[in-house]
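> So the protein lines, in turn, are chains A and B.
If you're matching positions, the first sequence starts at 1 in the numbering used here and goes up one per residue.
If you're matching positions, the second sequence starts at 1 in the numbering used here and goes up one per residue.
Treat the hints as calculated values from the structure; they're not laboratory data.
Among the hints, erroneous ones may be present.
[Claimed, not checked] Derived PhoX-like pairs: lysine-lysine, alpha-carbon spacing no greater than 20 Å straight-line:
no. : chain 1 : residue 1 : chain 2 : residue 2
1   : B       : K188      : A       : K544
2   : A       : K377      : A       : K517
3   : A       : K545      : B       : K188
These figures come from a predicted structure and were not determined experimentally.
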Amino acid sequence: MGNEAIVRGALEAGVALVTTYPGTPASEIGDRCYDIARQTDLQFEFSTNEKVALEVAAGAAACGWRVLCAMKHVGLNVAADTLMTLAYVGVKGGMVIVSADDPSLFSSQNEQDNRYYAKMAGLPMLEPATPEEAKEMTLAAFALSEELKLPVLLRTTTRVNHTRGAVRLGKLAPAPKPGRFSKDPFRQVMVPAVARQAHARLLKAEDRARNLAAVSPFNEISGAGTWGIVTSGVSSTYVADALAELGLTDKVRLLKLGFTHPLPQDLLTDFLGPLDKVLVVEELEPYLEEGLQAVAQAHGLIAVIRGKGPELFSRLYEYHPALVRQIIARFFQVPYEAPAVLAPEVILEHLLPDRPPNLCPGCPHRATYYAVKIALKELGVEGVFPTDIGCYTLGFLPPLSMADLFICMGSSISIAAGISRATGQQVVAFIGDSTFFHAGLPALTNAVHNRHDFFLVILDNGTTAMTGSQPHPGVSLAPPGYPGVHVPLDRVVKALGVDQLWVTDPFKYKASLAATKEALGAKGVRVLISQAPCHLYQQRLTGKKRQARFQVVESCGECRHCLENFCCPAMYLDSAQADHVMIDPDLCSGCAFCVQWCENIQPVKKLAVSSEQ
Amino acid sequence: MAATEKRKAKTGNLRIYLTGVGGQGTLVASRMLGEAALAAGFNPMVSETHGMAQRGGVVVSTVVLGDLKSPSISPAEADIVLGFEVLEAFRALNHCHPASLVIANTAAIVPYPVAIGKAQYPSVDKMCRRLAEHVGKLLAFDASDLARQAGSTLAVNMVLLGALAATDSLPFPAEVILAVVRSRTKEKFLASNLQAFDLGAAAARDSGNWQPRAGD
């Protein structure tokens, strides 16, 4: 896997410290490093957020250690403050920052193109196209970083992170020696006078980087003719296949870029020289296209350079092989007949039902949502629900419909403050435990200090479930031997000045409902910590499955309250039994929550007895 | 159809599209297929879906073999579709071409909107008939039932791998996949996995499961 290849490259380079905050599509980098760190001298940590991760790594790199810091694309927004000035400070040991972008938003809130961070910060950037290149470039990035004394951005996309392919292994580096911090405040303390000089140094280093990019083996020209294609990342694999399939391999001059900031201007002018038509194939923003056009303009080159446009490539979403093939054929006007794509719904003359993802059976978040829903109903109040990032974001789907506004990590709390101040409406914000430690602390402190008025529910399932159950400071479900110190969530919340705090178990319905109602009836900043472990992860850690099962009794009428308000995936309408509500025993997790509020649901006795064995 | 067959024969390229529901083991199947291809001397690429979509949603993975560099598969370009669930197999019809082989588990997993009466699940028979009309070959059977017979409902992926290996559409023998299954399965599940693999292979040899029938 691309992510594993990055880890391997770092180990071959002698990385001493890896830091991360988990986020798809980068999560496996941290997961593998955690496992390796348990068995070797590698230092690894799940940091509380990406800014913290980058700073811990920067501290170690200042002492000569090789360090890697991995995050998803939006994580670099969190770390951007550090990144911009770290570029001034520079590094002593090699530092690689992995930014995993997510075109098509498989698991993200946006599809920003982080190549602009390299340009904005003035940092060298490498863009692998395959797992093999991911390993090679990671290895090379450490050397590059030490040569320039700058952090290097390794920019990947989901399709590279999550593709598996053959990788040639090199030798692992020996264990690193302890680092040593040598004082040099007039280069490393970024007060204005020092930073002015540091910025000038950065620009010089960027020039050196440009020269290195011009001779980098990762930037490769092949083919010949007056037509040209420029590409980078996974798009270059689609281009290679398309050229072969269209019979154009020898008729097109191809520039495959892997070292994409700073753009090597001399190489680009050499490349553009003989060309009259150039197509730029890159996902998301026209980063290379703009760079090429600027170079062509500066050198008076008249080649037509195009990439994005109505008849060409989109700035939206991932590309795929046939799309790239079709646009290459169209741009160079070579004959090509696109294969006919079958339309399943037309052929079936029937709509295909969607299969939206859903919170698992036995998920504590659903139980919390239910209590809030019912409490608001019984009080006759409409709630507004700012939410945050985690499994619980799935609660936005109807019929659960427990999310109204969501932007980024930690935004639920401050957005809630803004809404309630502007409207006076009853605002109930939701945030997960890991997200709270990541970005919720300043927001909650602000809410207390500025006397805001809303109800915050912290959904505390003891882990970072969505990204694969990584630990965090408040972790209660940790892998065996996890060395992190537990930071209790309730004490943190109290210490921030929250006086109105409830801690409940969402599976104890009566108590949970009562606490929710109390909180809804109060004024000011109110926090409820709804605490129950992620069922799925707990089961995986303990290897134990709950045996109890529940079923709907025959007297159940047609109220459908459970389907409309609770939405457990184990519940369904049995068409064979006149649409009687049933519980699928294979899906039921035995959480015993629904049985607390519906008299028509009862334990299945037989199954309960067999659980004793 | 003929042109596609010819292209395939000439280049030896093979694009396999696996689709199912989160939790069905599609990722394990695609990894094992990739490892088997690697062991057989190919340079495979396996691409996966992770993250939010995995919670009960559709999970797609792809395995690409041959001279291809692209890890993903475009619409109309899958040579083989492994459908772990019949609705998802049918949804993947847009990734099929007229010579595609589709192997579909006919057992339905009802999506939540259907479960609560907000949408209708299409007729399984009709989906299979329409699939058969539009692709090269369809091998359709209840893989979930066979997995249960082998002792684990989670072994649907092994049933489908066994069936695929028995179709002769891979450029390497079943034994290579079996070796990966043996080395990658926990002791506790090995017997049921191997049995599921065999049951899948037997299902592929049963001409009654093919549309049009094998040999027709």
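> Can you confirm whether the C-alpha distance between K545 of chain A and K188 of chain B stays at or below 20 Å?
holds (17 Å)
> Please work out if K188 of chain B and K544 of chain A have their alpha carbons no farther apart than 20 Å.
Satisfied, since the Cα-Cα distance of roughly 15 Å is no more than 20 Å.
> Is K377 of chain A close enough to K517 of chain A, meaning Cα to Cα at most 20 Å?
Roughly 10 Å separates the two Cα atoms, so the pair holds.
Violated hints: none; the structure is consistent with every hint.
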